[in-house]
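Residue numbers (my numbering), protein chains in the order written: chain L, 1 to 81; chain F, 1 to 152.
These are computed hints drawn from the structure, not numbers from a lab. All C-beta atoms, glycine included, are put in the ideal place defined by N, C-alpha and C. Careful, some of the hints might be misleading.
[Unchecked claim] Distance windows between CB atoms, simulated:
id, chain 1, residue 1, chain 2, residue 2, range
1, L, T32, F, R37, 37 to 45 Å
2, L, D56, F, G83, 44 to 52 Å
3, L, T32, F, D138, 40 to 48 Å
4, L, L15, F, V86, 53 to 61 Å
[As the list claims (entries may be wrong)] These stretches of chain L come out as covered by chain F in the derived footprint (C-beta under 8 Å, 3 or more residues):
id, stretch
5, 5–14
6, 53–64
[As the list claims (entries may be wrong)] Here are the simulated SDA-like cross-link-like pairs (lysine to any residue), alpha carbons at most 25 Å apart as the crow flies:
id, chain 1, residue 1, chain 2, residue 2
7, F, K58, F, A8
8, L, K19, L, E61
9, L, K19, L, L66
10, F, K58, F, E48
11, L, K19, F, P53
12, F, K58, F, R128
13, F, K58, L, A60
14, F, K58, L, P77
15, L, K19, L, R40
16, F, K58, L, E61
17, F, K58, L, A67
18, F, K58, L, M1
19, F, K58, L, E39
20, L, K19, F, G54
21, F, K58, L, E58
22, F, K58, F, G74
23, L, K19, L, L4
24, F, K58, L, R35
25, F, K58, F, V5
26, F, K58, L, L4
27, F, K58, L, D56
28, F, K58, L, L59
29, L, K19, F, Q57
30, L, K19, F, K58
31, L, K19, L, A43
32, F, K58, L, F62
33, F, K58, L, D63
34, F, K58, L, L55
35, F, K58, F, R118
36, F, K58, L, R40
37, F, K58, F, D38
38, F, K58, F, D11
39, F, K58, L, R10
40, L, K19, L, Q57
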Amino acid sequence: MDVLYFAWVRERIGLPREKVETEAVTVRDLVTELRAREERYAAAFEDISALRVALDQELAEFDAPLAGVREVAFFPPMTGG
Amino acid sequence: MRISVQEAPFDLGQESAAFAAGHRDMGAVVTFTGIVRDLPEDPMEAMEIEHYPGMTQKAISQIAEEALARFSLGDVLVIHRYGRLVPGEMIMMVATAARHRSHAFEAASFLMDYLKSRAPFWKREISRSGVEWVAATDADEDALARWTPRAP
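Let the hints inform the model, and build the full structure from the sequences given.
Shown next as structure tokens:
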């Protein structure tokens, strides 16, 4: 699946998107996998209460299942308007 | 309904006039405009607005559809810019048309509350003291609560 990062999540991880092969069942499981990768991921995902997630471009919860999902995006709370 | 997510500036006068002219059966048009403000104590050089191209248009459309239905609007317009903006530039505008003014005002307020925390934009301020991401506040989230009926 494609994993996208925005704003300071993108800055901490150092890239805007990447392909990730995963068996993770939920978003939370994916976060656990990513966190274990490298320090920069651990830093970005340190506090998930400060993050939001979208699955296939719709806002979702961290407990949401990943089955069939093609695009996951992580970002801080939005500041539009 | 028109939603435009764009980098280029827009002409507030022209957009407002065109929107108002298109709705002879609507007695009330409300427009709101968001502008990059400058803080005298820490002059801002620029504001950079990032967005999520695949999601932005869709998220704003859902918010606008909800406003149309909820406030019986005749029409709604949302223009939101991204990219680098300097103080004084217009970031975005909404316009709502309704038969009566209370619905037009309420709908504009609803749109702004939702665009603020449910449209995938992230602002970052560049000033002499550095670069800082604008943080969402609890007040932004609380603002949504008034549109959601409380569970009995």
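Status of the hints after comparison with the structure:
| no. | hint | verdict |
| --- | --- | --- |
| 1 | T32(L) with R37(F): 37 to 45 Å | 41 Å, holds |
| 2 | D56(L) with G83(F): 44 to 52 Å | 25 Å, violated |
| 3 | T32(L) with D138(F): 40 to 48 Å | 28 Å, violated |
| 4 | L15(L) with V86(F): 53 to 61 Å | 28 Å, violated |
| 5 | 5–14 | holds (count 3) |
| 6 | 53–64 | holds (count 4) |
| 7 | K58(F) with A8(F) | 20 Å, holds |
| 8 | K19(L) with E61(L) | 21 Å, holds |
| 9 | K19(L) with L66(L) | 14 Å, holds |
| 10 | K58(F) with E48(F) | 21 Å, holds |
| 11 | K19(L) with P53(F) | 18 Å, holds |
| 12 | K58(F) with R128(F) | 36 Å, violated |
| 13 | K58(F) with A60(L) | 15 Å, holds |
| 14 | K58(F) with P77(L) | 17 Å, holds |
| 15 | K19(L) with R40(L) | 17 Å, holds |
| 16 | K58(F) with E61(L) | 18 Å, holds |
| 17 | K58(F) with A67(L) | 22 Å, holds |
| 18 | K58(F) with M1(L) | 21 Å, holds |
| 19 | K58(F) with E39(L) | 34 Å, violated |
| 20 | K19(L) with G54(F) | 17 Å, holds |
| 21 | K58(F) with E58(L) | 9 Å, holds |
| 22 | K58(F) with G74(F) | 20 Å, holds |
| 23 | K19(L) with L4(L) | 9 Å, holds |
| 24 | K58(F) with R35(L) | 30 Å, violated |
| 25 | K58(F) with V5(F) | 10 Å, holds |
| 26 | K58(F) with L4(L) | 17 Å, holds |
| 27 | K58(F) with D56(L) | 11 Å, holds |
| 28 | K58(F) with L59(L) | 11 Å, holds |
| 29 | K19(L) with Q57(F) | 24 Å, holds |
| 30 | K19(L) with K58(F) | 23 Å, holds |
| 31 | K19(L) with A43(L) | 20 Å, holds |
| 32 | K58(F) with F62(L) | 21 Å, holds |
| 33 | K58(F) with D63(L) | 23 Å, holds |
| 34 | K58(F) with L55(L) | 13 Å, holds |
| 35 | K58(F) with R118(F) | 11 Å, holds |
| 36 | K58(F) with R40(L) | 31 Å, violated |
| 37 | K58(F) with D38(F) | 31 Å, violated |
| 38 | K58(F) with D11(F) | 23 Å, holds |
| 39 | K58(F) with R10(L) | 22 Å, holds |
| 40 | K19(L) with Q57(L) | 16 Å, holds |
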